[in-house]
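Undergrad: Here are the chains, one letter per residue:
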Amino acid sequence: GENVEQHPSTLSVQEGDSAVIKCTYSDSASNYFPWYKQELGKRPQLIIDIRSNVGEKKDQRIAVTLNKTAKHFSLHITETQPEDSAVYFCAASISGSARQLTFGSGTQLTVLP
Amino acid sequence: NAGVTQTPKFRILKIGQSMTLQCAQDMNHNYMYWYRQDPGMGLKLIYYSVGAGITDKGEVPNGYNVSRSTTEDFPLRLELAAPSQTSVYFCASSSTGGDEQFFGPGTRLTVL
Chain A
276 GENVEQHPST
286 LSVQEGDSAV
296 IKCTYSDSAS
306 NYFPWYKQEL
316 GKRPQLIIDI
326 RSNVGEKKDQ
336 RIAVTLNKTA
346 KHFSLHITET
356 QPEDSAVYFC
366 AASISGSARQ
376 LTFGSGTQLT
386 VLP
Chain B
4 NAGVTQTPKF
14 RILKIGQSMT
24 LQCAQDMNHN
34 YMYWYRQDPG
44 MGLKLIYYSV
54 GAGITDKGEV
64 PNGYNVSRST
74 TEDFPLRLEL
84 AAPSQTSVYF
94 CASSSTGGDE
104 QFFGPGTRLT
114 VL
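Note that the protein sequences, when read in sequence, are chains A and B.
For the first sequence, this note's numbering assigns the number 276 to the initial residue and increments by one for each residue that follows.
For the second sequence, this note's numbering assigns the number 4 to the initial residue and increments by one for each residue that follows.
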């Protein structure tokens, strides 16, 4: 089955700096890659996703890049703010009948004021 | 719309007890999922359903059972609870035509 590896497990940045989280996947058939943000004690919430037919997608301060050849994708957060502090999860799935998501192990991002 | 709802929010079980975690969605989504999240880890898929009457195993199904008698409800049954089932359980749903999964607020289960 699919295996998703995520790193780093923890990341601290100064407010205003950029943060990058990287994930690799094993199944070349995967074609849907969402990123979820989870605040302490809360449910995961989708912040951005990308499909394999595009290489990059942006939404304000958040961007995701995908390299299908290398089977890795990354989350970029620019101009970080304290409210960006949370755990971020990447995931991968095959867009199809069931879209079973395989999650990475998460990155605890701390934005220092 | 309430979205995805889960009950209870918290529960403590003794080893060997059984319980049902409830999940409901009001978005008319065909696809529903159960995940567990252990401390400091990502979510792992337990069971999923692509429609009423259809369920299938995910990555970690042992010790659990599900049923899907209606589009709205997808309960998860724990039989003979074990300490290894201590976790936070999330239910999610998605539409047939879309990829995004919408998560419920979770149930924190402790087995002592």
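Rather than coming from a laboratory, the hints here were simulated on the basis of the structure.
In this text, all values refer to a predicted model and were calculated from it rather than measured experimentally.
Just so you know, even glycine gets a beta-carbon here, dropped at the ideal spot from N, CA and C.
Worth double-checking, as some hints may not be accurate.
[As the list claims (entries may be wrong)] Distance condition first, Cα-Cα at most 25 Å in a straight line; then the derived DSS-like pairs of lysine-lysine:
{"#": "1", "chain 1": "A", "residue 1": "Lys332", "chain 2": "A", "residue 2": "Lys343"}
{"#": "2", "chain 1": "A", "residue 1": "Lys343", "chain 2": "B", "residue 2": "Lys47"}
{"#": "3", "chain 1": "B", "residue 1": "Lys47", "chain 2": "A", "residue 2": "Lys346"}
{"#": "4", "chain 1": "A", "residue 1": "Lys332", "chain 2": "B", "residue 2": "Lys60"}
{"#": "5", "chain 1": "A", "residue 1": "Lys317", "chain 2": "B", "residue 2": "Lys12"}
{"#": "6", "chain 1": "A", "residue 1": "Lys346", "chain 2": "A", "residue 2": "Lys317"}
{"#": "7", "chain 1": "A", "residue 1": "Lys312", "chain 2": "A", "residue 2": "Lys333"}
{"#": "8", "chain 1": "B", "residue 1": "Lys47", "chain 2": "A", "residue 2": "Lys312"}
{"#": "9", "chain 1": "A", "residue 1": "Lys312", "chain 2": "B", "residue 2": "Lys12"}
{"#": "10", "chain 1": "B", "residue 1": "Lys12", "chain 2": "B", "residue 2": "Lys60"}
{"#": "11", "chain 1": "A", "residue 1": "Lys297", "chain 2": "B", "residue 2": "Lys47"}
[Claimed, not checked] The following label-pair restraints were derived from C-beta to C-beta distances:
{"#": "12", "chain 1": "B", "residue 1": "Asp41", "chain 2": "A", "residue 2": "Pro357", "range": "25 to 33 Å"}
{"#": "13", "chain 1": "B", "residue 1": "Thr73", "chain 2": "A", "residue 2": "Gly330", "range": "36 to 44 Å"}
{"#": "14", "chain 1": "A", "residue 1": "Glu358", "chain 2": "B", "residue 2": "Gly56", "range": "37 to 45 Å"}
{"#": "15", "chain 1": "A", "residue 1": "His347", "chain 2": "B", "residue 2": "Glu103", "range": "19 to 27 Å"}
{"#": "16", "chain 1": "A", "residue 1": "Ala345", "chain 2": "B", "residue 2": "Ser70", "range": "24 to 32 Å"}
{"#": "17", "chain 1": "B", "residue 1": "Thr73", "chain 2": "A", "residue 2": "Glu354", "range": "44 to 52 Å"}
{"#": "18", "chain 1": "A", "residue 1": "His347", "chain 2": "B", "residue 2": "Met30", "range": "45 to 53 Å"}
{"#": "19", "chain 1": "A", "residue 1": "Ser287", "chain 2": "B", "residue 2": "Asn68", "range": "17 to 25 Å"}
{"#": "20", "chain 1": "B", "residue 1": "Pro42", "chain 2": "A", "residue 2": "Ser301", "range": "41 to 49 Å"}
{"#": "21", "chain 1": "A", "residue 1": "Gly330", "chain 2": "B", "residue 2": "Asp76", "range": "19 to 27 Å"}
{"#": "22", "chain 1": "A", "residue 1": "Asp302", "chain 2": "B", "residue 2": "Lys17", "range": "16 to 24 Å"}
{"#": "23", "chain 1": "B", "residue 1": "Asn68", "chain 2": "A", "residue 2": "Gly276", "range": "18 to 26 Å"}
{"#": "24", "chain 1": "A", "residue 1": "Gly330", "chain 2": "B", "residue 2": "Gln20", "range": "45 to 53 Å"}
{"#": "25", "chain 1": "A", "residue 1": "Gly330", "chain 2": "B", "residue 2": "Leu83", "range": "45 to 53 Å"}
[Stated by the list, open to error] Over the 10 Å line for every Cβ pair with chain A, so calculated as not near, a few chain B residues:
{"#": "26", "residue": "Ala27"}
{"#": "27", "residue": "Ser87"}
{"#": "28", "residue": "Gln104"}
Undergrad: Compare the structure with each hint and give your call.
TA: So, going through the hints one by one against the coordinates:
1. The hinted pair formed by Lys332 of chain A and Lys343 of chain A meets the criterion: a straight-line CA distance of about 14 Å does not exceed 25 Å.
2. Distance hint between Lys343 of chain A and Lys47 of chain B is fulfilled; the C-alpha atoms sit about 24 Å from each other, no more than 25 Å.
3. Between Lys47 of chain B and Lys346 of chain A the alpha-carbon distance is near 21 Å, which keeps this suggested pair within the 25 Å criterion.
4. A C-alpha spacing of about 33 Å is found between Lys332 of chain A and Lys60 of chain B, which places the hinted pair above 25 Å, so the restraint is violated.
5. The hinted pair formed by Lys317 of chain A and Lys12 of chain B meets the criterion: a straight-line CA distance of about 11 Å does not exceed 25 Å.
6. Annotation: proposed proximity of Lys346 of chain A to Lys317 of chain A is violated, straight-line Cα distance about 30 Å (limit 25 Å).
7. Only pairs whose Cα atoms come within 25 Å are accepted, and Lys312 of chain A paired with Lys333 of chain A is accepted, the gap being roughly 16 Å.
8. For the suggested pair Lys47 of chain B and Lys312 of chain A, the alpha carbons sit about 16 Å apart, so the restraint of at most 25 Å is met.
9. Proposed proximity of Lys312 of chain A and Lys12 of chain B is supported: the alpha carbons are some 20 Å apart, at most 25 Å.
10. With a C-alpha separation of about 24 Å, the suggested pair Lys12 of chain B and Lys60 of chain B falls inside the 25 Å cut-off, and the hint holds.
11. With a CA separation close to 19 Å, the supplied pair Lys297 of chain A and Lys47 of chain B stays within the 25 Å bound.
12. For the pair Asp41 of chain B and Pro357 of chain A, the beta carbons lie near 27 Å from each other, so the given range of 25 to 33 Å is met.
13. Look at Thr73 of chain B against Gly330 of chain A: about 41 Å separates their beta carbons, and that is inside 36 to 44 Å.
14. With their beta carbons about 43 Å apart, Glu358 of chain A and Gly56 of chain B fall inside the hinted range of 37 to 45 Å.
15. At roughly 22 Å, the beta-carbon separation of His347 of chain A and Glu103 of chain B lies within the given 19 to 27 Å, and the hint holds.
16. Distance hint for Ala345 of chain A and Ser70 of chain B: a CB-CB separation of about 42 Å, inconsistent with the stated range 24 to 32 Å.
17. Between Thr73 of chain B and Glu354 of chain A the CB atoms are about 45 Å apart, so this pair conforms to the stated range of 44 to 52 Å.
18. Remark: the range hint 45 to 53 Å for His347 of chain A to Met30 of chain B is contradicted by a beta-carbon distance near 32 Å.
19. For Ser287 of chain A and Asn68 of chain B, the Cβ-Cβ distance of about 42 Å falls outside the hinted range of 17 to 25 Å, so the restraint is violated.
20. Taking 41 to 49 Å as the suggested C-beta distance range, the pair Pro42 of chain B and Ser301 of chain A does not conform, at roughly 25 Å.
21. In this structure the hint that Gly330 of chain A and Asp76 of chain B lie 19 to 27 Å apart at CB is violated, the actual value being about 40 Å.
22. Between Asp302 of chain A and Lys17 of chain B the beta carbons are some 40 Å apart, a value that contradicts the proposed interval 16 to 24 Å.
23. Between Asn68 of chain B and Gly276 of chain A, the C-beta spacing of about 21 Å keeps the proposed range 18 to 26 Å intact.
24. Taken as a hint, the range 45 to 53 Å holds for the pair Gly330 of chain A and Gln20 of chain B, whose Cβ atoms sit roughly 51 Å apart.
25. The hinted range of 45 to 53 Å is satisfied by Gly330 of chain A and Leu83 of chain B, whose Cβ atoms lie roughly 49 Å apart.
26. No beta-carbon of chain A comes within 10 Å of the beta-carbon of Ala27 of chain B; the shortest separation is about 15 Å.
27. No Cβ of chain A comes within 10 Å of the Cβ of Ser87 of chain B; the nearest lies about 18 Å off, and the non-interface call holds.
28. Not every CB of chain A is more than 10 Å from the CB of Gln104 of chain B (nearest about 6 Å), against its label as outside the interface.
Against the hints set out earlier in the document, violations occur for numbers 4, 6, 16, 18, 19, 20, 21, 22, 28.
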